[in-house]
Amino acid sequence: MLLMLIPLLSGLAAFLISDDRCRRILLLAVAGIHLALTIAALVVRPEMLPGEWFGLDSLGLLFLGVTSVLFMGASVYAVKYLALEKRDPGEDSDEGFIFNNEPEPVFTGCLLLFLAAMTAVTASRHLGILWAAVEATTLLSAPLIYFHRHKRSLEATWKYLLICSVGIAMALMGNLFLGAAGLRSGLALDLGSLLSNAMSLDQAWLKAAFLFLFVGYGTKMGLAPFHTWLPDAHSESPAVVSALLSGALLNCAFLGILRVAQVCAAAGLAGFTGDILILFGILSLMTAAFFILAQKDYKRMLAYSSIEHMGILSLGVGLGGGAVYGALLNAVSHSLTKAGLFFVSGLILAAYKTKQISEVRGLIRRVPRTAVLWMTGFFLITGTPPSGIFLGKFMILKAAVSGRHYAAAAAYLFFLTVVFAGMGRIFLDMTLGEAAALNEAEKPFKASRQMLIPAACFFACVVLLGLYMPAWLNDIISGARDLIIGGTV
Amino acid sequence: MTTLAELIIVAVILLNLSLAASGSLATCIRLAAAQGVIAALLPLLAGHGVPSGTIVFCCAVILLKGAIFPWLLTRARVKANVSRDAEPVIGYPASIILCLGAFAASSWLGTRLPLPETARVAWIVPASLSTIFTGFLLLTTRGKAITQVLGYLVIENGIYIFGLALFVEQPLMVEMAILLDVFVAVFVMGITIFHISREFDHIDTAELSQLGDWYPKQSGGEK
Amino acid sequence: MTRPLIQYFLALVLAPLLPGIINRVKAFFGGRRGVPILQLYFDLYKLVHKTPVYSRTTTWLFRAGPVIGLAAMLCVLALLPFGGRPSFLSFEGDLILLVYLLGVARLATVLAALDTGSSFEGMGASREVQFAVFAEPAFFLALAALARGGGGLSLSGIFSNLTPAAWLTASPVLTLVTASLFIVFLAENSRVPVDDPNTHLELTMIHEVMVLDHSGPDLAFIFYGAALKLWALGSLIACVILPRHYGSWLVDSGAFILAMFFIAAAVGVVESVMGRLRLLKVPYLLMTALTFSILALIFQAGR
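From first to last, the protein sequence lines stand for chains A, B and C.
This note's numbering puts the first residue of the first sequence at 1, with every later residue one more than the last.
This note's numbering puts the first residue of the second sequence at 1, with every later residue one more than the last.
This note's numbering puts the first residue of the third sequence at 1, with every later residue one more than the last.
Treat the hints with care, since some could be wrong.
What the hints assert, rightly or not - Under 10 Å between C-beta atoms, here's a sample of chain B residues computed to sit facing chain A:
#  : residue
1  : L7
2  : A11
3  : S128
4  : I132
5  : G135
6  : E156
7  : G158
8  : G163
9  : V182
10 : A185
11 : I193
Claimed, not checked - Away from chain B, derived, C-beta distances all over 12 Å, residues of chain A:
#  : residue
12 : I39
13 : M170
14 : I276
15 : F394
16 : S402
17 : S448
No wet-lab data here; the hints were simulated from the structure.
Quick caveat: nothing in here was measured; it's all calculated off a predicted structure.
From the three backbone atoms N, C-alpha and C, an ideal C-beta is built for every residue, glycine too.
Modelling step: build the complete structure from the supplied sequences, incorporating the hints.
Okay, structure coming up:
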């Protein structure tokens, strides 16, 4: 409870504080307290009361942990980023017109409220509350995307708002269908009672409910073909926000799907949900692979890579068995890696003032430290060993083959290769090559240490995950896997 | 009582059709508001012995959908200085036929998904599904940002019809949270429309096409 | 057997009264005294005694038009129930015959109009047929929705089945059907939102422009046929909105005739408060009627 209240109150406070320094310290402090509380929850593992609306099971705890760590990194990065933006607001990177930034209090306030909403998503044990919290994340992140006030970010914000709101409306309909499924046995929407009485649910309604909820949360999660908002929103928002959207928000939406899948599994519909998850997982992989090949904008490329990973998660959960563990591990590592990559992309944008891949050359000469991180990120995200992502992807592949899903396995491998090739070309082109000569007037950009450290830490964590799996993390992921497969309370 | 509820459902469907057929933004705003108010009356008629909490909730919904939303949208419309929608992608007669077809299809679906006997009103499922479809139609075929928000509202109306007619007993907290979300959504969209109209001098969403992967070069701005 | 025949003759005699009532109501709203309520009877009497004039370019089609039109209308009236009482010619399936008889009357009028070779009349004929494309399905589906409620395919059966209890349980369907029938009624009888019977500009006319060249008894036939059509379609609406049967034949018939007069007055009110729609908008109005009918049918089918 405290986890939610602190960011909520401080978020409201941030709207009021006029001093920049105070507000930034507040942001850091809240992120720190949130992380500390999350770690405390990890250690203590609070008891869940049946019928409570909020409570942390292993699944929620896993996603909460990722969110909290990401937010910590993001706030460290954001403090410096905001200071930079304050110093020279202004010139548009692609079209060269002058624009204003959003007032900083609004930005920081929304950032904190966004954290509160995401915490609510992970902690809710009632599907109605879960829905409300997911919708809240949409509304609170819309102002974040519209930080740079110009036409393209406005367009991205509008698409994001509208597509996600409609998607979430579908999820609401799904919730109501779920309610209708439980109407005969008088069940409400709280997860505990749904799971323990899942067998008494009406099957036809439950299937319809799953479809609606899948479309709804799948839109928010960026599964193809409902993904169209995602590349726009990710490419136009500031790097901090892209990192949070990609690393934390997509996971939250995925959690929504997982909760329903849990109920369906408990009701004996695991086969039905699995097929749908596999189908859309492969579809997302395919879309992402093709669009990455032809990509001209490196932030959009990262966004499509997110879609690819969401497809992998969906595929993994759909396959069931050992793949679920792999999918969850992949979710954790992807969040960290992708957030790190977005942080680095923000630095590249600051150094080159363009998002076009063709105009970024010779990173290694101009900004060597950034370039090293950029390449590390590339190797991690495409699943080169040793990394958590590699382990996750490998487990999914293994489960697909041993589960005799040969077609899915072949498609999976093929699209992963395409993505590797496409991203490899882009990353290498950007890193190597001859840097264009700088104008005399332009001051070469030097990335500050504060903006590099979060990404470096995240990457280190992911590498570590590939080499050594701590016992406590293993516990949580296994617990979450049992929840999804077994559908137990 | 049931007959009255059925009459309301007929009214809701007729409003759907007129929304699909109307090109005037002011009319559309009024129609959507009327639909929201009528739908809000539904739970009051559906049950015997309506609890007082529900009455309060319905009043809140009527206030929100009948007064506040239309006011917000009208303000956005006046600020953006538009009165008519651009010609939709699908013509008006075709939209009507699509809506009718959707209603027929959802009637069929309604027979496939029988409601438990606690449900008191027939036609809830078809009415709500076809309302949602109409919302989608408005959302996808119309050009102005305001109509898209209206489409969202109509979808919400459809969901509401389904929800409140069934779950009068659900905890009010949840419903209040949902309502609050919808309110904030429309509010934020209203602000965004205001920004769009300031940036672009109009609210044609057809112009919002700079981003995208299919035709990135044609839109002029990008180098 | 005698009562249905008396009903039939009552309908034949009273039909020309309806246009008179409509005109009177319009005159009242316009602040005028208006023509006598029996004016159509005088007109018919005058026309029958005149010698018709035929253009040299016309053929027998032109002469046959008014006769066939009137004959079809007489048959239609013979099928229709009178205040919920069966007609003397009712049989299973007369509902379908009714629709086709109306179609025959329309065909005869249109052919006669085309036969003159005048461009104005051709234009009127084309519009008439164009609107019929929307009006006929609307009419037919409305009847189908009623038939679905019980009573089989016979009009007399449907309407004797229709009781006040039906209004309590199926009011949505009946409301939709009434609305649809009323719009079709206005369109088929060339009343205001679709056509203006008083206009004198050929370019905007539909029905009147088709009969410009008829004269004498032919014109009388057409006027009388139009009055019968008004009565026929009006009586369907009257039967729907007046489902109560008291048991006494006299009371039932009296109530029915009053309802007919009420409908005529309603038409007068509509004509006074509305202008004619632009021709491009008329299909929208008829599509509304079609929509009402389809909705009524879906609702009725799902009951």
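We went through each hint and held it up to the structure:
no.: 1; hint: L7; in the structure: violated, 23 Å
no.: 2; hint: A11; in the structure: violated, 21 Å
no.: 3; hint: S128; in the structure: holds, 8 Å
no.: 4; hint: I132; in the structure: holds, 7 Å
no.: 5; hint: G135; in the structure: holds, 8 Å
no.: 6; hint: E156; in the structure: holds, 6 Å
no.: 7; hint: G158; in the structure: holds, 8 Å
no.: 8; hint: G163; in the structure: holds, 5 Å
no.: 9; hint: V182; in the structure: holds, 8 Å
no.: 10; hint: A185; in the structure: holds, 5 Å
no.: 11; hint: I193; in the structure: holds, 8 Å
no.: 12; hint: I39; in the structure: holds, 29 Å
no.: 13; hint: M170; in the structure: violated, 8 Å
no.: 14; hint: I276; in the structure: holds, 18 Å
no.: 15; hint: F394; in the structure: holds, 30 Å
no.: 16; hint: S402; in the structure: holds, 36 Å
no.: 17; hint: S448; in the structure: holds, 29 Å
In this structure, the hints that do not hold are numbers 1, 2 and 13, in rising order.
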